[in-house]
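Chemist: Sequences and hints are given; from them, build the entire structure.
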Amino acid sequence: KAGVTQTPRYLIKTRGQQVTLSCSPISGHRSVSWYQQTPGQGLQFLFEYFSETQRNKGNFPGRFSGRQFSNSRSEMNVSTLELGDSALYLCASSYNDRVYGYTFGSGTRLTVV
Amino acid sequence: AQKITQTQPGMFVQEKEAVTLDCTYDTSDQSYGLFWYKQPSSGEMIFLIYQGSYDEQNATEGRYSLNFQKARKSANLVISASQLGDSAMYFCAMPRRGISGSARQLTFGSGTQLTVLP
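Residue numbers (my numbering), protein chains in the order written: chain H, 1479 to 1591; chain S, 17 to 134.
These aren't lab readings, by the way, just hints derived from the structure by calculation.
Among these hints, one or two may not hold up.
Stated by the list, open to error - Below, simulated DSSO-like cross-link-like pairs (lysine-lysine); rule was C-alpha separation at most 30 Å, straight line:
1) Lys1535/H <-> Lys32/S
2) Lys19/S <-> Lys86/S
3) Lys1491/H <-> Lys1535/H
4) Lys19/S <-> Lys89/S
5) Lys1535/H <-> Lys89/S
6) Lys86/S <-> Lys32/S
Modeler: Rendered as structure tokens:
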């Protein structure tokens, strides 16, 4: 069975631009969560979507947003990119709305120059 | 509030030897759990093992075992018979409950970079 697919794997953007990252969960999984991983802050929770609704949100500015489609695929968007947004963005999917069945993708590595 | 502490930024171990990665936690929840994940250089977080706070026996999954000491609030990962492929970052994590009371996100420690030497 296919795993969690994140696209693109690598991305280079210029400060001030916006970016959209995609996450396709495991078939049948209805929950998608996003995490940001940086050397300075470590792994931090961004938000979680379940059945197209945002159910939980971390402490990130409004420049970070997301959505989930009816097929459970999720996108996250970062507007007005800053150098500090350079990070590995990981998504995790699970069947229900719990962390116990998390399967992570390989991440999208975003570099802001 | 929760906090996960991993005090070993880097560890070295000889191939075929056992290694213990430390994790201490702080939580006000009566019922909680601890996860360990492995992150190779490819970036993917791979689930290794889970321990619930009310589990009577320490969790074991193949070469991985969890040395869970509730009174000391520690949940150390023991890897037996290390292999070269075990070289990776290892993270300890704890579920954090949302407003609804369900565990909707993970709080991670800062990680330990394990290098297995041939």
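Chemist: All the hints need checking, so say for each whether the structure fits it.
Modeler: Hints, verified against the model:
no.: 1; hint: Lys1535/H <-> Lys32/S; in the structure: violated (42 Å)
no.: 2; hint: Lys19/S <-> Lys86/S; in the structure: holds (15 Å)
no.: 3; hint: Lys1491/H <-> Lys1535/H; in the structure: holds (25 Å)
no.: 4; hint: Lys19/S <-> Lys89/S; in the structure: holds (11 Å)
no.: 5; hint: Lys1535/H <-> Lys89/S; in the structure: holds (27 Å)
no.: 6; hint: Lys86/S <-> Lys32/S; in the structure: holds (29 Å)
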